[in-house]
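As you go down the protein sequences, you meet chains W and L in turn.
Heads up, the first sequence is in the working numbering, so the first residue is 1 and it goes up one at a time.
Heads up, the second sequence is in the working numbering, so the first residue is 1001 and it goes up one at a time.
I should point out that these hints are in silico values taken from the structure, not numbers from a laboratory.
Hints are supplied without guarantee of correctness; some may be wrong.
Taking beta-carbon pairs under 7 Å as the criterion, some of the chain L residues facing chain W (in silico) [claimed, not checked]:
(1) 1080
(2) 1081
(3) 1085
(4) 1089
(5) 1096
(6) 1104
(7) 1143
Restricting the straight-line Cα-Cα distance to at most 16 Å, the calculated cross-link-like pairs of lysine to aspartate or glutamate (EDC-like) are [unchecked claim]:
(8) 1136/L / 16/W
(9) 178/W / 75/W
(10) 1136/L / 18/W
(11) 3/W / 1100/L
(12) 254/W / 1089/L
Backbone N, C-alpha and C define an ideal beta-carbon position, used for all residues, glycine too.
Listed below, chain by chain, are the residues.
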Amino acid sequence: MFKFFAAFRKEWLILERDFAGLMLLFLMPMVMVIILSMVQEMGWSTMAKEPQMPVLFLNNDKDSLGNMMERGLVEAKIFALVQTIDSVPLSQELLRKLVRDGEYQIGIIIPENTSRRIRAKIQLLVNKTMTSLMMPGNKLFEGITNTDSVEIMVYFDPAVKKTFHNAFISAAREFSSKIESRMIFETFQEELRKMFPNFTMPVTEYQQSVQYSEIYPSGEVEEILPSTTQHNVPSWAIFAMFFIIVPLTSSIIKEREEGSLIRLMTIPVSYMTIFMAKVGVYLVVCIIQFILMVLAGIYLLPLFNMPPLDTGSNYLGIALMTVSASLAALGYGIMVGTIAKTHQQAAAFGAVSIVVLAALGGLWVPVYLMGNLMRHVATFSPLNWAHEGFIDLFLRGSTLQGILPEIGKLTIFFVITIIIAIVYRTLKPPIST
Amino acid sequence: MSEQVIIKISNLTKYYKRSDEPAIDHLSLDIQQNEIFGLLGPNGAGKTTTISILCGLFPPSEGDVIIDGLDLHSNREKIKHLIGIVPQEVALYPTLTGLENLQFFGNMYGLRGKELKDRINEYLVRFGLEKFARKKVISYSGGMKRRVNLIAGLLHKPKILFLDEPTVGIDVQSRNVILEFLHDLRDKGTTIIYTSHYMEEAEKLCSRVVIVDQGKLIAIGNPKLLVAENPEFKSLETMFLHLTGTGLRD
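Next comes chain W alone, as it looks inside the complex (with noise of 0.2 Å):
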């Protein structure tokens, strides 16, 4: 244990040393974290808060359906409706090469007519079952059908995004079956007050009677919204943390070159009290950089105009999950370090080998959107296991029992990475046999 203190000291001051290298370590990934969620918060934004997305909205129908439409697509809130271009209306030709020149993403055009159109549908088949029902036998209408097809031109720029496209559709679809419900309902209600002038309607007008309410099964946690921040933060904090990767593998190799490791290798200590000296001072670097980034969360997103961090209650499971995320970070980079042959190999693999992990981890695109081969990949990627273990703790309200598969799979892959840098040094001394 004396020699671990003696080597731990010894990591340290190196590393207190390289000041510019420290604050790198803790500035960049806190820089990361504000810049990356600014940036996604935009994004999150046009698509669930602000009227971002603009529309040309062409009204040629001006009555009940392409009136409540227009009105429904601005309360949705997603999209900004364009009907002027530099005060002139908008023309079906303006339109429609607007949307071709990639001016605008989306261009609706309702027909003229089009509410007529749909109420004399409605009209017939009212007439239809209100014939058939006071009337039965009577074939005053048999025969008569009604094929006009109703048909809302929506343009689409091949660029917009799937998320834009599928969200204007159901938006679309939704009020215009709304509209078409409501049509059936008004045009029943004036047949039935036709028939009998005294009858009063016990609802005057039709309410939906599906609602959906949002309900989170952690129960604790319903009121944490999947913001931005909830995302990023965790993402960026493990994404800096297996980036520790960089300096490490420096560390070790800067060590073998600079001929200190050969003459520790002629001194009665093992490489386990070498390798566990490093971790234990890169781990007080990523514990540092986790506190660092949700201090950020917390404090620095929302003077951003970002939701602040929640990170829940149960922070012996944040602790936990912190350190174990660390030691398989520090086991990978003490693996990679150890192996690679010059600081280019180590620095370029290194590097690379974490954002792959780190896209392969869900860390920027949720597993959940990934084909099925690659949800299977993710499960592999240790970056995923830390990434699903906060996101349990912080977004879930995971109790310690939920994350220990997380916490169990980040210490094995830890303890195996070591076996291996462990047995890779011993078996191939640094100096060429």
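Since the structure of chain W is already known, use the hints to place chain L on it.
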């Protein structure tokens, strides 16, 4: 001087990977306790390979080594306590001070407290480094780095000290201090195995030298006697050149 053999090398052979030529070719020799033994040879002769094997850095392809009665193959950890090494490179941490480097390597040998402090101070004074102990090694001159490099291998007072070209690239003053110190160390009972390209230095310092080339033993004996026995050579250097040739080496 005791005649007891402290290192016995028998038939030592080392092939590096992807090389058909042996770096050491069936080398056999005995090193006596308390002697300064010079391992001489041109570049690529196998000096550093021999020292690396004796220090347990990697195993030989063939042959046996007995150090202080212990078989190197099966007693590597025990032997680590007996030996000290001063590598060819300055094997120190440049951003640590000289004192911090020495404390660290002393701690790695299990030394601590007053014992370590006293030893460090003794050596710092001896090598004229006490004023620079708290300065970072990166700011030291080449000679100062070499002296700290030497102290780091001596702190645990090893029975056998391996020195791989300890005086390369340093000024005459630093070299003189180091060589004087090695004499004193030998007088106190340490066996020193030393490699160098400086023949004159080896002639003055070593009680015996071995000249190796292409991994093979070419000559062995007291340097003065070797020259005396071969009067056609005026010095160890001319003899060395005669034995190893004047062609350039890699």
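Let me make sure I understand: some of the numbered hints might not hold for this structure. Which ones are they, in numerical order? 7
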